[in-house]
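Please arrange chain B on chain A, whose structure you already have, making use of the hints.
Line order of the protein sequences matches chains A and B. Position 147 of the first sequence, counting from 1, maps to 147 under my numbering, and the rest follow consecutively. Position 598 of the second sequence, counting from 1, maps to 751 under my numbering, and the rest follow consecutively.
The hints are simulated quantities; they were obtained by calculation from the structure and are not laboratory data. Using N, Cα and C, we set each Cβ at its ideal position, and we do this for glycine too. Check each hint, because a few of them may be wrong.
Ranges between beta-carbon positions, derived for each pair [as the list claims (entries may be wrong)]:
1. A:HIS31 <-> B:GLU575: 47 to 53 Å
2. A:GLY14 <-> B:ARG601: 19 to 25 Å
3. B:TRP624 <-> A:ALA152: 37 to 43 Å
4. A:LEU12 <-> B:ARG270: 54 to 60 Å
5. A:LEU13 <-> B:PRO323: 18 to 24 Å
6. A:ASN62 <-> B:ARG715: 26 to 32 Å
7. A:ARG131 <-> B:ASP489: 20 to 26 Å
8. B:LEU324 <-> A:THR33: 49 to 55 Å
9. A:ASN62 <-> B:PRO309: 31 to 37 Å
10. B:ALA477 <-> A:LEU145: 49 to 55 Å
11. B:VAL530 <-> A:HIS31: 19 to 25 Å
Derived coverage of chain B by chain A (criterion: at least 3 residues anywhere in the stretch with Cβ under 8 Å from a Cβ of chain A; other residues may be distant) [stated by the list, open to error]:
12. 391 to 397
13. 510 to 518
14. 524 to 537
15. 540 to 554
16. 584 to 594
17. 602 to 612
Listed below, chain by chain, are the residues.
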Amino acid sequence: MTALRRWAPWGLLGLLAVAALAVAAWPSGGHRTIADRARSVESELRCVDCEALSIADSSTSNAAAQRADIESRLRAGETEAQVRRAYVDRYGPSILLRPQNKGLGMLVWALPVGALVLGAGGLAVALRHWRSEPRLAASSADEQLVRRTREAR
Amino acid sequence: MRAGLGYFGLLLGVMCSGVGVVVLALGIALRDNALLRLGRWFVVGLLGAALLSVVAMEWALLSHDYSIRYVAENNARATPLLFTITGLWAALEGSILLWGLILAGYLAVVVHKFRARATDPLVAWATLTGLVVALFFFLLMVFPANPFRATSGAVPLDGRGPNPLLQNHPLMAFHPPMLYLGYVGFTVPFSFAVAALVTGRFGEGWLADTRRATLVAWGFLTIGIILGAWWSYEVLGWGGYWAWDPVENASLLPWLTGTAFIHSVMVQERRGMLRVWNLSLVIATFCLTILGTFLTRSGIVNSVHSFTQSNIGWWLLGFLFFVAAVGIGLVAWRGDKLRSPGRIDSPISREAAFLANNLVFAGLAFVVLLGTVFPLVAESLNGQQLSVGEPYFDRMTTPLGLALLFLMAAAPALPWRAASGEVLRRRLVAPAWAAAATLVLAVALGARGLGDVLAFGLAAFALTGVARQVWIGVRARRHAHGEAAPLALVRTVRGNPRLYGGLIVHVGVVLIAVALAVSQSYTTKREVHLARNESATVRGYRVTYLGSRTVNTGQKTTVSARVRIHAGGRDLGVYAPAVSTFPNANEGIGTPSVRTGLLGDVYLTLVSSPNERGRVTLGVQITPMALWLWLGGGIMAAGTLVALAPALRRVRRGRRAVDVLDAGPDGAVEPELEVAAR
Chain A
1 MTALRRWAPW
11 GLLGLLAVAA
21 LAVAAWPSGG
31 HRTIADRARS
41 VESELRCVDC
51 EALSIADSST
61 SNAAAQRADI
71 ESRLRAGETE
81 AQVRRAYVDR
91 YGPSILLRPQ
101 NKGLGMLVWA
111 LPVGALVLGA
121 GGLAVALRHW
131 RSEPRLAASS
141 ADEQLVRRTR
151 EAR
Chain B
154 MRAGLGYFGL
164 LLGVMCSGVG
174 VVVLALGIAL
184 RDNALLRLGR
194 WFVVGLLGAA
204 LLSVVAMEWA
214 LLSHDYSIRY
224 VAENNARATP
234 LLFTITGLWA
244 ALEGSILLWG
254 LILAGYLAVV
264 VHKFRARATD
274 PLVAWATLTG
284 LVVALFFFLL
294 MVFPANPFRA
304 TSGAVPLDGR
314 GPNPLLQNHP
324 LMAFHPPMLY
334 LGYVGFTVPF
344 SFAVAALVTG
354 RFGEGWLADT
364 RRATLVAWGF
374 LTIGIILGAW
384 WSYEVLGWGG
394 YWAWDPVENA
404 SLLPWLTGTA
414 FIHSVMVQER
424 RGMLRVWNLS
434 LVIATFCLTI
444 LGTFLTRSGI
454 VNSVHSFTQS
464 NIGWWLLGFL
474 FFVAAVGIGL
484 VAWRGDKLRS
494 PGRIDSPISR
504 EAAFLANNLV
514 FAGLAFVVLL
524 GTVFPLVAES
534 LNGQQLSVGE
544 PYFDRMTTPL
554 GLALLFLMAA
564 APALPWRAAS
574 GEVLRRRLVA
584 PAWAAAATLV
594 LAVALGARGL
604 GDVLAFGLAA
614 FALTGVARQV
624 WIGVRARRHA
634 HGEAAPLALV
644 RTVRGNPRLY
654 GGLIVHVGVV
664 LIAVALAVSQ
674 SYTTKREVHL
684 ARNESATVRG
694 YRVTYLGSRT
704 VNTGQKTTVS
714 ARVRIHAGGR
724 DLGVYAPAVS
734 TFPNANEGIG
744 TPSVRTGLLG
754 DVYLTLVSSP
764 NERGRVTLGV
774 QITPMALWLW
784 LGGGIMAAGT
794 LVALAPALRR
804 VRRGRRAVDV
814 LDAGPDGAVE
824 PELEVAAR
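This is chain A alone, in the form it adopts within the complex (with noise of 0.2 Å):
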């Protein structure tokens, strides 16, 4: 009962907190306007004439034509899918600035993740191994004097 009492108010906290993160993250479904749909097309591609930025952030006038081609597309009916593969196979898979999950692209993903889990399985084990030595052992030193002991009573 008091283990109850004494648990049962984090138990509503943690339903509390997993039912507002559930919320959070359940799709919203709502329509997305073509205006979204094009900027998520936008903020996954290269702008050509910059290193690091995407169509979607970068003022070049190159970016900005390619922002209303964009557009014009999802318009004229194409998925984001074809908006994307319409500009891998005008400029190469380079304009895509999320590595695409296949050849050496997939590298860039598996290598982190394997080496995150390889990390952590390793902390486990030791973790584990810290855990299951004794902390203080008993040498034989002391067995002896426990074992003369003994026989001397």
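Below, chain B without anything else, positioned relative to chain A:
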């Protein structure tokens, strides 16, 4: 004359560092204390030499001495005074000169601080290591990156002037020196780490000796990175502050490993563990500063910052491999002796949280490094052109950043060794309820997106935790001494500046995390076409175009639009986004005009100058909470300053002092039942 003086300074620097290395090496080999004491005078000489060269360069810049190529390329007669002075770090050669001066300055502080221990082999080896690094940078300036090289052909009447982006904002005077003070500062802990490995004294001594130097370097690097982001926001005109540009990543990398080090060091101080790891982190941090310089200065990755290209890349790459080989070799050589006897008792303890923190920081550093060099690697492997940009970094770093935020919120509440359920409940109940309430409130107010909402909740968790710790410390002090609350607060902080300085830094980080989440998700960006006296309203802000003006100076031609901003009937003033054309550049450089507010900024850009009908295109961006990024940076700097302060009084001397400095989160020293086996 000036070139001769400057070059003489460089040669003197090579001599001082080279001879200093030899003298110290002989002193160590022959156990000759007189030679070891002599060693530090070469550092003093090095500082004098570096000062001489820098003064000569500034003199040449101020007197527009175009017989020096660097001055001709980075200064013009019309360049304003401020940007004439900052011309020292406007390009590669001058930047290396500044680097050399800062390095000599740090080394001089080291030999001064340890002047009573000049014959201590640890100090001697550290000084020697520092001088080897200095020798490299001065040789770099004497050979491939000579800032005093003469202009080829006739001396021009006027110079080209600095890159337009570098003569546009006063932040340029502060951002690069701060960054270099950070980069170069990590040479000190690196030197002591090498010395500790060579002398076999890899206990806690070298950590105590370099704690302040590491914090100073880390603090400057933090300020440098924040100022860089601010500069990007105020000058580049794209409305953002971090583009995951290779140069930005290069400054972030040593910061990540340095931050990991600052945390894991506490585990070694307290428990004697993680020796190999800490040495590796210091060596890695120093290597990453060199790698950053290589990436940004060799022109290998094209970005905003790679203004200069030269064969300096091979020198830096060679030095990087040398340093990495020495570091790895030393750790491998000492490997068996580095094994520390400690153990971690519980996964729910402060030390286990520090391990998790280090795992995440190392993961972040790995992601940033991989994303930065991957295009280069891919291209050299099979000629494949790839880009790795913001969408990749956002996707990969957001979960890691949230994990760090969680650890930052929870870990300071964990006791060392092991936590009982009762202690955890008591310490976490207030932060946990604050977090839950914030989550519910955020969702109720319409916030969506798991990352954002989690960030808000964890921020509340962390802030409440900090507030609780401060409150408990102050309360204890008031009970014990009967002091008034403000006095008790000051004395509490001064009694344990490391703990409370760290917590203040955490508050700054929380503000930055929230500002990042809010400014990323709730920014509105529009382009409006306006004739004179026409208005447009973007998210409650009414912008009115009043007219434009063209100003011609020798430095540049500037077209600026005058725009009045109203918010809810309140006049916020007139702002002037502009586009400037510089004689040495083809494309116009946009200068945004930013109305900074506590809640949000109105960020105006002039997209196109008035057309034949007098209409302009303005970029209007509403960025909420941008100011909090810079404020958070300021709080981080303030926290670092507090952590650097000496404790008000030491309760006990000697080894136990470490425990006092590292008192538990309640401000009290936890009883140590056993002395950790060392």
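Results for each hint:
1. A:HIS31 <-> B:GLU575: 47 to 53 Å: 52 Å, holds
2. A:GLY14 <-> B:ARG601: 19 to 25 Å: 21 Å, holds
3. B:TRP624 <-> A:ALA152: 37 to 43 Å: Roughly 59 Å apart at Cβ, these two residues miss the hinted range, so it is violated.
4. A:LEU12 <-> B:ARG270: 54 to 60 Å: 59 Å, holds
5. A:LEU13 <-> B:PRO323: 18 to 24 Å: 49 Å, violated
6. A:ASN62 <-> B:ARG715: 26 to 32 Å: For ASN62 of chain A and ARG715 of chain B the Cβ distance comes to about 29 Å; the hint holds.
7. A:ARG131 <-> B:ASP489: 20 to 26 Å: Holds - the Cβ-Cβ distance for ARG131 of chain A and ASP489 of chain B, about 24 Å, lies within 20 to 26 Å.
8. B:LEU324 <-> A:THR33: 49 to 55 Å: 37 Å, violated
9. A:ASN62 <-> B:PRO309: 31 to 37 Å: 34 Å, holds
10. B:ALA477 <-> A:LEU145: 49 to 55 Å: 51 Å, holds
11. B:VAL530 <-> A:HIS31: 19 to 25 Å: 41 Å, violated
12. 391 to 397: Since 5 is at least three, the answer is holds.
13. 510 to 518: holds (count 3)
14. 524 to 537: It holds, with 7 qualifying residues against the three required.
15. 540 to 554: holds (count 8)
16. 584 to 594: It holds: at least three residues are needed, and the segment 584 to 594 of chain B offers 6 whose Cβ sits within less than 8 Å of chain A.
17. 602 to 612: holds (count 6)
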